[in-house]
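Enquirer: Protein chains in written order, with the numbering used here: chain A, 1 to 385; chain B, 1 to 103.
Hints were generated in silico from the structure; no laboratory data involved.
Just so we're clear, the structure is a prediction, and the values are computed from it rather than from any experiment.
Beta carbons are placed, not taken as given, at the ideal position from N, Cα and C, and that holds for glycine.
Each hint should be verified, as a subset may be incorrect.
Stated by the list, open to error - Partial pick of chain A residues on the chain B-facing surface, computed with a CB cut under 8 angstroms:
#1 P156
#2 T242
#3 G342
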Amino acid sequence: MITFLGYHRPDGRVGIRNRLLILSVGGLTGPACRRIAAGLLNAACVVLPYEAGLVGEDKAAHDRAALGMAAHPNVGAALLIGDNPQVLEHLAAGLRKTGQRHAVLTLDDCLNDVFLLQEKAQRLGAEMLREISRDRRAPAPLSALTVGLECGRSDPSSGLVANPLLGRVADHLVDIGAVALLGETTEWLGAEHLLAARARSPETAAAITGAVAAREQMAVAAGLDLLGRNPTPTNIASGLSTIEEKSLGSTAKSGSRPIEGVLGYAETPATPGLWVMDAPAYAPESLTGFVAAGAQLMLFTTGVGNSYVSLLAPTIKVSANPQSCTRLQGQIDFAADRAFLGQVPPEALTEALLAEMAAVANGGLTWGEILGEGDEVVSRFGAAL
Amino acid sequence: MTHAPENLPIDAIALAPEDNVANVLHALEAGQVARVRRGDDVREITVTQPIPFGHKLALESIALGATAIKYGTAIGRMTRAVAQGEHVHIHNLTSARAAKVQG
Numbered sequence: 001m002i003t004f005l006g007y008h009r010p011d012g013r014v015g016i017r018n019r020l021l022i023l024s025v026g027g028l029t030g031p032a033c034r035r036i037a038a039g040l041l042n043a044a045c046v047v048l049p050y051e052a053g054l055v056g057e058d059k060a061a062h063d064r065a066a067l068g069m070a071a072h073p074n075v076g077a078a079l080l081i082g083d084n085p086q087v088l089e090h091l092a093a094g095l096r097k098t099g100q101r102h103a104v105l106t107l108d109d110c111l112n113d114v115f116l117l118q119e120k121a122q123r124l125g126a127e128m129l130r131e132i133s134r135d136r137r138a139p140a141p142l143s144a145l146t147v148g149l150e151c152g153r154s155d156p157s158s159g160l161v162a163n164p165l166l167g168r169v170a171d172h173l174v175d176i177g178a179v180a181l182l183g184e185t186t187e188w189l190g191a192e193h194l195l196a197a198r199a200r201s202p203e204t205a206a207a208i209t210g211a212v213a214a215r216e217q218m219a220v221a222a223g224l225d226l227l228g229r230n231p232t233p234t235n236i237a238s239g240l241s242t243i244e245e246k247s248l249g250s251t252a253k254s255g256s257r258p259i260e261g262v263l264g265y266a267e268t269p270a271t272p273g274l275w276v277m278d279a280p281a282y283a284p285e286s287l288t289g290f291v292a293a294g295a296q297l298m299l300f301t302t303g304v305g306n307s308y309v310s311l312l313a314p315t316i317k318v319s320a321n322p323q324s325c326t327r328l329q330g331q332i333d334f335a336a337d338r339a340f341l342g343q344v345p346p347e348a349l350t351e352a353l354l355a356e357m358a359a360v361a362n363g364g365l366t367w368g369e370i371l372g373e374g375d376e377v378v379s380r381f382g383a384a385l
Numbered sequence: 001m002t003h004a005p006e007n008l009p010i011d012a013i014a015l016a017p018e019d020n021v022a023n024v025l026h027a028l029e030a031g032q033v034a035r036v037r038r039g040d041d042v043r044e045i046t047v048t049q050p051i052p053f054g055h056k057l058a059l060e061s062i063a064l065g066a067t068a069i070k071y072g073t074a075i076g077r078m079t080r081a082v083a084q085g086e087h088v089h090i091h092n093l094t095s096a097r098a099a100k101v102q103g
């Protein structure tokens, strides 16, 4: 059994990092939060630029995402900063239920003086950092992980080798009782019948095909030609011809196990196993949906290269494109090109990728972390008031 | 298509035995004989058009309107007939799925 050393949280989850999160709940305090985080060792800053006037699904998704990130197992403590005391109190109430260490600071607390906000937050953050730095890692099974499966700037090597490799890892995660998450709804298009056939229940099968149909309708209503949008020009230049071809390669990331259910954006799965999230395919939004759902680690395949990573969940970049593996050595964390070139059987890489996941879970840095590439971006669904 | 020895490097790969297209593992020239692994079989096919790295090669003739198969599943229908050894891409293959959406 593969184990790693992680941070055991009061809610039972296990973190693979122990970050101080500076969370700007709303855009008014965003620039100040970036300055505050810049002055605190290895603090993670997430700015939710939207707040007042969010309604309906936007409000619900932002609330889920804010709580999901503040309570995230990779976050040791969260400093919540914003302009709306009611919104912050609601978030703090959610955090109290999880046992997450946190502090709240509003513009009102600081007499609407951003200098005062910065000074108070810096002191609070420094104290919180000092406290969480005393936490120690302890052994945990790999089954404690929730892993997000993503692909971006794909080419045929993604569908032939890298994504099936993730699929075998996903099968292993499901078999040991971990959680695997597949998103990118538009990349189920053309493969949804195969996903629906793996649904645990008829309701889930209907939700999978319904989610694809809803996004198709969204595209049609917007007057978009899905053919012209996806595959993207980058995909087409690399040899992907149709959305079916891209989707079949993309959904190979999910492996072969049953699909437990369909999550809304930023929703947390109720049980272990493979879950799909009905979410936009664009990586910044997609990865934040997984983070909010509790993913501590991401597996992200690319064909021609894609430097984007999650801020809160270390993101292992996997490529099977020999040119990318050679050219982008400071981006690709796990090179699978030997399988693409037929030098090793593809199955031989499964154990190696699981070992890399354990190494990163233990604290080994990904290229994205080293370069500071991470960000978190919450999806929007409609206009604000 | 002829059977070929197993121990030489391959030039193109198709994961499922029923696939009628394969992805090339490096750029191929017209006239080149490509070693293609399809499922567990390795065969040789003469390439008739240049095929860029990662793009698809027709493993057999595919008629106009017929289905291109990769991963054992339809990936679209032909907008032009292709012969074995030709390049298969957006100039002769279109989505059957997305076309229905616009229908």
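Enquirer: If a hint holds in the structure, say so; if it does not, say that too.
Expert: Status of the hints after comparison with the structure:
1. P156: 4 angstroms, holds
2. T242: 4 angstroms, holds
3. G342: 5 angstroms, holds
Going down the numbered hints, you'll see the structure goes against none, and every one checks out.
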